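Please model the complete structure; the sequences and the hints are all you need to start from.
As given, the protein sequences belong to chains Z and U, one line each in that order. For the first sequence, this note's numbering assigns the number 3 to the initial residue and increments by one for each residue that follows. For the second sequence, this note's numbering assigns the number 4 to the initial residue and increments by one for each residue that follows.
Any given hint could turn out to be false.
[Claimed, not checked] Partial list, derived from the structure: chain U residues whose beta carbon lies under 8 Å from chain Z: (1) F175; (2) G184; (3) L190; (4) Y192.
[To be verified] Pair by pair, the computed Cβ-Cβ distance ranges are: (5) U:L353 to Z:R164: 37 to 43 Å; (6) U:I292 to Z:R164: 22 to 28 Å; (7) U:G356 to Z:R163: 53 to 59 Å.
What the hints contain is simulated information worked out from the structure, not anything from laboratory work. Since we're looking at a predicted model, the values are computed, not measured. Every residue gets a Cβ at the ideal spot worked out from N, C-alpha and C, and that includes glycine.
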Amino acid sequence: MGVMKPISEARQEQGVTESVRVATGSEHPRTSPLSIHDMTVAYHRRPVLWDIDFDAPEGKLIGIIGPNGAGKSTLVKAVLDLVPKASGRVLIYGKPYRLHRHLVGYVPQRESVDWDFPVNALDVVAMGRYGQIGWCLPVTRPHRDAALAALERVGMADLARRQISQLSGGQQQRVFLARALAQDARIYFMDEPLAGVDAATEAAVIRILQDLRSGGKTVFVVHHDLQTVQEYFDTLILLNMRIVATGPTSEVFTRDNLQKTYGGRLTLLEEAAEAMARKGKDE
Amino acid sequence: MEWTSLDTWIVVAGALSAAACALLGNFLIMRRLSMMGDAISHAVLPGLAVGFLLTGSRGGPTLFLGAAIVGVLTALFTEWVLHFGQVEQSASMGVVFTTLFAIGLILIVRAADKVDLDPGCVLYGAIELVPLDTMDIRGWAVPRAVLTLGSVFLLDLAFVLLFYKELRISAFDPELATALGFNAHLLHYLLMTFVAITTVASFESVGSILVIAMLIVPGATASLLTERLHTLLLASVAIAVLSAVAGHAAAITVPGWWGYSDTTTAGGMAVVAGLLFTLAFFFAPRHGIASKFLHRARLSIHITRQDILGLLFRLEEMPSLETRTMSPALLRKVLGAGAMLRWLSLRGLLRAGLVRLDGGGYRLTSTGREEARSLIRSHRLWESYLYQHLHLPADHLHGSAERLEHVTDPVLQRRLSERVERPEIDPHGKRIPS
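This is how it looks when you write it as structure tokens:
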């Protein structure tokens with residue numbers, strides 16, 4: 003806490019928008035895995051995200067945190083061209099998403115699909131290969147093998163033939179993660195992959211995220227648990243319709259920034275303060 | 004009744020139309036758009052009417068084109084109402100298709116003065132008339148409707164086979180589909196176009212009401228029977244064909260049993276499809292009510308059997324008692340299971356040679372004693388475990404152990420024994436049999 007204080011005070015003096023500019027830099031390097039320039043997203047003419055300006059460092063685990071309704075999922079969906087942008091530009095390794103979609107892996111929220119759908123775990127993971135396979139061609143052996151290997155990585159190979167409704171919540175989440183692994187991407191977007199999973203799955207997911215990072219991949223994770231933020235992520239985006247702060251976790255995960263992000267939601271802040279105090283003791 | 008070539012053509016037409024509808028219907032059900040079949044099959048009416056007014060004929064490409072356009076418009080309007088009106092999906096469909104249907108009806112009534120198009124025919128179909136309107140194909144008189152329906156079925160089949168992977172992913176996870184470059188909206192409208200074309204082709208033979216049944220019922224039935232997409236599609240088509248064959252057979256025989264004349268084949272088909280659904284609802288291997296009941300009953304019998312073995316074993320353990328048999332009256336009192344359950348369990352035990360009757364009472368055979376010993380061992384190991392590791396008070400152990408003993412296999416028992424360091428006696432001071 004003591005180490006962070008001067009930085010947060012410095013940030014406070016600069017003001018919110020200023021801190022964003024400092025953290026992201028003014029020019030957008032072509033090599034950045036993800037660079038977002040001046041993006042605004044609106045639903046029914048009501049803006050959900052304002053003036054998002056961001057350049058991602060490569061090979062980092064990047065947490066996206068913020069209160070409910072902050073636009074965390076929308077940010078991810080806007081990057082993937084799933085919701086229209088009112089303005090702004092998004093580049094994935096220097097090109098628009100539609101030209102570089104093969105570089106991007108996506109894990110939607112687990113609740114976004116119908117788990118009674120008549121497919122087994124392997125079928126779902128094989129969907130991660132569809133992009134490589136292309137229109138109208140069947141899923142061939144090499145792709146099925148790749149899907150099986152991805153299931154193996156999440157420790158689910160023995161459940162490959164299990165109908166997905168018969169999997170536990172944690173197992174379903176692992177299937178989703180395996181599907182993204184099967185995409186064999188360079189940059190990943192995961193929407194709450196740790197929501198409502200058991201401790202064993204959480205540990206397995208984090209281990210895989212760290213593996214991906216060691217392999218030079220960049221991973222964005224929408225995350226809700228402030229307690230584990232410092233432990234899991236290298237870089238943070240604190241979001242509440244605008245980017246409140248972004249940068250290395252050690253610099254931006256401050257009481258001050260959280261206050262700005264979460265507003266008056268005291269319980270959350272207290273949790274975070276507790277986590278920070280604990281972290282301070284550990285060091 | 005006499006089966007003639009007319010009956011065969013009627014069944015062929017019915018089966019083709021049912022199979023085509025069922026094949027596409029699966030995707031409507033999976034996308035939770037069952038109502039969309041209803042909506043499109045009503046909403047194509049204005050398309051039909053306009054096509055009809057333009058060409059004056061009831062067949063031909065114009066009619067299909069009109070239907071396809073209105074089918075896509077229905078999907079599009081529904082999306083708009085949903086998006087801008089901010090009402091729920093089924094409400095939005097309801098608004099769109101009733102409006103379009105009404106427009107269609109008005110057009111048909113206006114047109115009916117000039118041309119031969121019967122609103123009743125659109126609703127109920129006229130499958131019995133199918134064999135009368137034939138075309139000559141290499142010397143064969145093939146009904147025109149069979150040709151149309153056959154082409155449409157093949158078209159649908161080709162569509163599903165070609166876009167199998169795309170339809171699957173866009174139905175399961177439209178967002179990922181779109182992110183991967185398989186535009187889920189595009190596929191949605193493509194599917195709706197095929198539904199519209201199929202609907203129009205089926206109108207003449209089975210009518211719009213039956214189209215709705217054939218779009219949904221075979222798929223819903225198949226979904227109770229299988230858990231993989233390709234088997235689901237095959238099963239739904241098989242059910243559709245079966246409904247057509249059995250439906251027609253029933254329509255021309257069943258009324259005769261009571262001295263009535265034949266009823267409509269379309270009606271017969273819908274009724275048979277409904278009956279097949281009911282059968283699946285009760286008797287499907289995993290999802291059926293009867294199967295679930297049977298499974299539960301088997302489990303209860305299994306538990307009761309083990310409880311009886313346990314009781315007889317504990318009886319043998321009591322040194323004060325001379326008798327090693329338990330009278331039926333005593334068993335009834337201590338077991339606390341229903342008479343039927345008790346009877347079934349005892350019968351099973353006697354048949355399996357685990358228990359035998361001895362002078363009016365039950366006693367364990369040597370194999371029965373082995374099984375009972377293992378059960379009691381599990382029970383007492385669990386008690387030790389709960390006591391040692393979960394620190395449950397001694398008087399709370401029995402109930403939990405009683406439930407756990409039934410699900411303990413040899414591997415679990417061994418590991419449990421290692422965990423509690425192979426004790427000789429349980430927390431109540433009773434010997435743990437080895």
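| Earlier hints that do not hold, by number | Of the numbered hints given earlier, those the structure breaks are 3, 4 and 7, listed in rising order.
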